[in-house]
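Peer 1: Numbering-wise, the numbering used here puts 39 at position 39 of the sequence shown, and it's gapless, one number per residue.
If you're looking for bench data, these hints aren't it; they were derived computationally from the structure.
Please note that a few of the clues may not be correct.
[To be verified] Label-pair distances were calculated between CB atoms; the ranges are:
hint	residue 1	residue 2	range
1	Gln11	Met65	28 to 34 Å
2	Thr3	Ala81	17 to 23 Å
3	Ser78	Asn23	16 to 22 Å
4	Asn51	Asn2	43 to 49 Å
5	Glu7	Gly46	26 to 32 Å
6	Ser48	Ala4	40 to 46 Å
7	Gly63	Asn2	14 to 20 Å
8	Asn51	Gly91	16 to 22 Å
9	Thr3	Gly49	26 to 32 Å
10	Met65	Pro29	29 to 35 Å
11	Gln26	Gly91	18 to 24 Å
12	Thr84	Lys52	15 to 21 Å
13	Ala74	Ile33	41 to 47 Å
14	Asn51	Tyr5	39 to 45 Å
Just so you know, even glycine gets a beta-carbon here, dropped at the ideal spot from N, CA and C.
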Amino acid sequence: MNTAYLERTAQDLCMRASTIVLNGEQTVPIQSIQRTGNQVVIMTQGISGLNKITSLRLLDENGNMITEREANFAVVESQQAEFTFRFVIKGGKGNGV
């Protein structure tokens, strides 16, 4: 797949990623979104006061889910959590048209 197209897709992801939802209810502020070529890294601000982490969703500007991660682990109440999403946009192999 053309490198310029992969980079364009990565840029689109950067522009659309807007909200991170923790445990289905709590919005976590995005601290930064960085793109290098076809790679995208999205980092949240630190959040504290959590007891448990069950899910983390990255949503676009329309509230549609881009990706979701599920977990089930306890968090020490005094611990501050930060989350990072890393994407590498790659071309797939097709039947060739």
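Peer 1: Against this structure, judge whether each hint is valid.
Peer 2: Verification of the hints:
Against the hinted window of 28 to 34 Å, the Cβ-Cβ separation of Gln11 and Met65 comes to about 20 Å, which falls outside the hint. A hinted range of 17 to 23 Å is violated for the C-beta pair Thr3 and Ala81, which are about 35 Å apart. For the pair Ser78 and Asn23, the beta carbons lie near 18 Å from each other, so the given range of 16 to 22 Å is met. A hinted range of 43 to 49 Å for the beta carbons of Asn51 and Asn2 is consistent with their spacing of about 47 Å.
At roughly 30 Å, the beta-carbon separation of Glu7 and Gly46 lies within the given 26 to 32 Å, and the hint holds. For Ser48 and Ala4, the Cβ-Cβ distance of about 42 Å falls inside the hinted range of 40 to 46 Å, so the restraint holds. For the hinted restraint 14 to 20 Å between Gly63 and Asn2, the CB-CB distance of approximately 31 Å leaves it violated. For the pair Asn51 and Gly91, the supplied restraint of 16 to 22 Å is violated, since their beta-carbon distance comes to about 42 Å.
The supplied range of 26 to 32 Å is broken by Thr3 and Gly49, whose beta-carbon atoms lie about 43 Å from each other. Checked against the hint of 29 to 35 Å, the C-beta distance between Met65 and Pro29 comes to roughly 18 Å, which is inconsistent with it. At roughly 36 Å, the beta-carbon separation of Gln26 and Gly91 lies outside the given 18 to 24 Å, and the hint is violated. Here the CB-CB span from Thr84 to Lys52 is close to 19 Å, well matched to the stated 15 to 21 Å.
A hinted range of 41 to 47 Å for the beta carbons of Ala74 and Ile33 is inconsistent with their spacing of about 29 Å. Look at Asn51 against Tyr5: about 43 Å separates their beta carbons, and that is inside 39 to 45 Å.
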